[in-house]
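Residue numbers (UniProt numbering), protein chains in the order written: chain A, 1 to 367; chain B, 1 to 367; chain C, 1 to 367; chain D, 1 to 367.
Don't read these hints as lab results, they were simulated from the structure.
Every value quoted in this text rests on a predicted model; they were computed, and no experiment measured them.
Hints may contain errors.
Any copy, or any two copies together, can satisfy a pair, since identical chains are not distinguished.
Below, simulated DSS-like cross-link-like pairs (lysine-lysine); rule was C-alpha separation at most 27 Å, straight line [said to hold, decoys possible]:
hint, residue 1, residue 2
1, LYS345, LYS220
2, LYS284, LYS367
3, LYS220, LYS360
4, LYS148, LYS354
5, LYS14, LYS354
6, LYS208, LYS345
7, LYS220, LYS354
8, LYS366, LYS51
Number of protein chains: 4
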Amino acid sequence: MTETNGYFQNDNEKEINVLNLQSLEAEAEKIIPKGGFGYIAGGSEDNWTLKENTEAFNHVQIVPHVLSNVEDPQTDTSIFGINVKTPIMMSPAAAQGLAHAKGEIDTAAGIAKAGALMSQSTYSSTSIADTMKAGNGAPQFFQLYMSKDWNFNENLLKEAKEAGAKAIILTSDATVDGYRESDVVNDFQFPIPMANLTKFSEGDGKGKGIGEIYAAAAQKIGPDDIKRIKDIAGLPVIVKGVQSPEDALLAIGAGADGIYVSNHGGRQLNGGPASFDVLSDVAKAVNHRVPIIFDSGIRRGSHVFKALASGADLVALARPIIYGLALGGADGVYSVVEHLNDEFKTTMQLAGTKTIEDVKNSKLLKK
Amino acid sequence: MTETNGYFQNDNEKEINVLNLQSLEAEAEKIIPKGGFGYIAGGSEDNWTLKENTEAFNHVQIVPHVLSNVEDPQTDTSIFGINVKTPIMMSPAAAQGLAHAKGEIDTAAGIAKAGALMSQSTYSSTSIADTMKAGNGAPQFFQLYMSKDWNFNENLLKEAKEAGAKAIILTSDATVDGYRESDVVNDFQFPIPMANLTKFSEGDGKGKGIGEIYAAAAQKIGPDDIKRIKDIAGLPVIVKGVQSPEDALLAIGAGADGIYVSNHGGRQLNGGPASFDVLSDVAKAVNHRVPIIFDSGIRRGSHVFKALASGADLVALARPIIYGLALGGADGVYSVVEHLNDEFKTTMQLAGTKTIEDVKNSKLLKK
Amino acid sequence: MTETNGYFQNDNEKEINVLNLQSLEAEAEKIIPKGGFGYIAGGSEDNWTLKENTEAFNHVQIVPHVLSNVEDPQTDTSIFGINVKTPIMMSPAAAQGLAHAKGEIDTAAGIAKAGALMSQSTYSSTSIADTMKAGNGAPQFFQLYMSKDWNFNENLLKEAKEAGAKAIILTSDATVDGYRESDVVNDFQFPIPMANLTKFSEGDGKGKGIGEIYAAAAQKIGPDDIKRIKDIAGLPVIVKGVQSPEDALLAIGAGADGIYVSNHGGRQLNGGPASFDVLSDVAKAVNHRVPIIFDSGIRRGSHVFKALASGADLVALARPIIYGLALGGADGVYSVVEHLNDEFKTTMQLAGTKTIEDVKNSKLLKK
Amino acid sequence: MTETNGYFQNDNEKEINVLNLQSLEAEAEKIIPKGGFGYIAGGSEDNWTLKENTEAFNHVQIVPHVLSNVEDPQTDTSIFGINVKTPIMMSPAAAQGLAHAKGEIDTAAGIAKAGALMSQSTYSSTSIADTMKAGNGAPQFFQLYMSKDWNFNENLLKEAKEAGAKAIILTSDATVDGYRESDVVNDFQFPIPMANLTKFSEGDGKGKGIGEIYAAAAQKIGPDDIKRIKDIAGLPVIVKGVQSPEDALLAIGAGADGIYVSNHGGRQLNGGPASFDVLSDVAKAVNHRVPIIFDSGIRRGSHVFKALASGADLVALARPIIYGLALGGADGVYSVVEHLNDEFKTTMQLAGTKTIEDVKNSKLLKK
């Protein structure tokens, strides 16, 4: 245990047994302090969209194909020419120091060990360069909560570029904080600083609620910002939070190099559709012009399969990986990704698919 | 506490913490006497329509639009040229003295403080003029339960006009009382008088059940009554309780100046559709000829958004506001409306809308 | 209490408070011996069809029409030229002595008091003539479980005709007993005799299970039996148990004077549709050539309305009325019918309908 | 009780009371050791497909036809010219020694007594010849988990042929083990040997988990294997695990003599459709060219009816029969099949069908 400002952080470092990703939540709840756990686990309003995110995978079914003559399914794939061992990626998520003393340092290390792609949040507990270093050369993306202060934005983008980030994820669905009741119930303020704020802004985030943090960010985000960020960073820009074909086309028209279909894990707008329920329509509109990352609701190997078969190139998740971080540090993170990838490989073999390309070409059934 | 005829009324006067509107019901149940609470909270028959009213908002989803370049959403709007700070309005609701010693006096004050529109019920605990005065110049509508006795109707309409009411709401869906089991279980009779009955009729309502009260009202209400009421009041007439395109057109053809889509909060006909489920069809028929008010089931900011995007110009609610009244008097009422408007503003920003007009032009998704 | 063969029968004679028809079941369970209660309440297999019967009324909604200028709704109607005060009818149901010492005698008296139509089962606890007499001139139908023994059939039909029955209901959906688990769990055999068996067959039914009783009845029932029964009885014949347009047309083509849409209250075939879900298709096929009676699932005034609006001329039910019989004898029966008719009148008024003809012409909504 | 390697097996030999097939699970859980019970009862991942398998039968309804003039329904039918008394068949299921000391010996005897068709699993606790002998001349099929080792395959197929098996079932949906959480939770390894492994392979399966067992089997199974197996066995080959029209046509094109629609009782791919939900589309594609066997989810007589009416020629099940085996040995097995066949006969009679051909020609309703 590490104590920071009266907040107790785990410092577990071990591989963990993962029965399934859902079961990790109750285990993590026992060891993450209440406010931090509520911040990580909670959604907005009555959590309808949060629950629907996972439920929606039951709206379609995988048609298994037998006599396919396949064995030993391969999960390696690539995005922007970057090779990864698995299409499972770490979603950008703030303040992972809430779950573990080492925060994103350990997440990056565990993700790297799994051969997966890491993404860092602007509101990380650890700095861009430190987190990148922990990944030991493994690919990482940097997520930008665009600030009203363009000096801040430029500093972050430059550090990301210099540290070796491969792309910028521009979050577009969080121009104000969703109404997250668990934070209200717990009267939650961040007990620990955010490294990028400490380094490049006046405050360090500590003692603030997520509402205050987001208030410093830009509310007005428009298509022109994509180009501006691309120019500063000199990296591909992926627009995160897209939930409609119209927005996907708008973003691509404005220069986006990737589309990230997400509803922020049900933490922002409640009463919107499950992220999975809009994926295939967005993918049809995108029509392979740029890659698609998908998150919000993935908990099972069969979900990974269904998302890829609906048009995603990579699938991302955060909560279960953060629970793995709390329970086992870098090795816990690794255990979670490995478990999910194992479930996914089982699904691939049983569905009669050998490669990620085969999965993407699978037809789902709506019954 | 104020005691009237053995009935204990709260006299709380304070702003309250509102986690969400649904959570207020259990808090209010602790402090409103059982019979009064049952009268306020109950629906008819097995409450199917009552429950469906809120559930129906999940039948469609908000498609959030990112990269919209908006900030600081504005909720001000207008109806009949009257400006209000929010599209959220107080539904007409009887006997608010059941919840608080000051009854509608405090409701009107709290609604005025929120910059919202107040409506008074014929069966109010306080008089038209007193309630209007409490609003301190803020706009109010008067709701008429049309009596068989036209002297009674004329007296009410004249007092409303003189006191400054801006429109008359003619309730058309309560020509007999719905079968409300909670009132039967509690053997509920009104323990406190109704000011307008005291003033203009023979009895004051005290000691009567809602069935007896409604029996004094007219059962036969027809299109011609709209014109008659308009002539007497010299005010716009809004027909409340409309649930079909046919009835909307009938009312407009007979001179109605507004349509109020409602199923009386699930308190009248059970086994009819959720109010929200019929809104868009009614709105298509009305086609902007007159304004539309909507109530029945609104509990969340996302519900306000969905109702406006389905054709409503204003949305109304009563139960949660009455719970706010019980818990905090005028300031409690204010707290509830402010909370709901805050949830709504969050939804507006996350959906990429800046004005009420933007919200109305939003397309919803059916998944 | 009356004790017969160790079976304790109530002899309550009083009007009862009916909160709603569903709530009667728990009250009746307290006073009807376990085996008898299980026989009355149970359905077949896992009760899917039994539950769906009532749930199905939520598949469509009543569109209330306001400004209809109606008051004082009238529930009187007629079938085969017989006037009744309500479209609510007693379904034929066996062995009502299980619920009350007076059995069908009291049911007939209570139904007559309510101005409703009574139907008697072949397997009644009381004789055709005695039950008819208890009705004191009020209209009754006689239901035939057609026996393999045509002497038995003839004796019954003649007694029915002589006693004044107005029509014969030929049950066609019970050529073998449904698999009713509650009877198996309770190892249920009829503890009391069946009057018609006592009079016209070798055994009296006592000590037998429903399977044995049904085994004495004909398994093979065909279109030709309709004519044969008509000829013997000289009365209109209504075919009960019809659930498809094809069967309705077959029965009418073979001479049926009425169609009785029913799935035997979910007691026979499980895994078939809710009775209400097939009503409108059957009604379309029948196209007013003969009257339609409907049962299976009716518990609310809104259900009565929906069934009539879907093509029924009369609606029938048994279980809740038998519970009323157990709780209050003839007056209990009366209380139940009156309560349901009151709920129905409330629905009529709120829907803007004045007559049964108006109800039949109402359009329902599918949302 | 018989104890093998610390694992306690029942040796009950008696007919049992079967209320319904679902109720057997809780009874069996009391007497089968935890690990063995978990192996038998469990499905994969979160059991969605397992539950949906049975739930799916409610997606369509049986339209009962009255006035059909039928009695005494006959359940006898045939497949490949083999006559059976019932269309209900034993699914191939591994390691029935987990449930009973005599394992498949007793299952075969009970199935034979019921006049049904037995199928043996490659991973049986008892040998092909012994199990066949226990059936005393009654028809049996042999199921092949195709090994990587073709000597093993040939040995099995030859023993099956010599022992008198009538067909080979080639399982194609288990090229890797589904992720079965109950086995993980129980850390389950087979405590008892598998007779065919003992006889023809290096290990006997004891002490291994199902994952290890499946790993010895072939992962690559293709259309050509059908022909190869046919040639070795000289028997018809049925491909098991088909869930799509495409795969059915592929298998038939490659020489399959029968199609076995199944999702392995929800034990393999989770997130695929209920087996029943794909049956009718597969049947349309097969178009009577070869017979269809169906399993996964059958628990009721009405399910048997619906599966046959959707295109199956035989329906199979395993879990409830294995529970009967645990509770009563051969006679327990017999009791379960008899009970299910009795429920099915009741359904046949109530639906107005006399023969299996009538059932197959019945139209189902989708409401």
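A quick look at each hint next to the structure:
| no. | hint | result |
| --- | --- | --- |
| 1 | LYS345 x LYS220 | between (42 Å within a copy, 15 Å between copies) |
| 2 | LYS284 x LYS367 | both (21 Å within a copy, 17 Å between copies) |
| 3 | LYS220 x LYS360 | between (35 Å within a copy, 21 Å between copies) |
| 4 | LYS148 x LYS354 | between (47 Å within a copy, 18 Å between copies) |
| 5 | LYS14 x LYS354 | neither (31 Å within a copy, 49 Å between copies) |
| 6 | LYS208 x LYS345 | between (42 Å within a copy, 21 Å between copies) |
| 7 | LYS220 x LYS354 | between (44 Å within a copy, 11 Å between copies) |
| 8 | LYS366 x LYS51 | both (20 Å within a copy, 17 Å between copies) |
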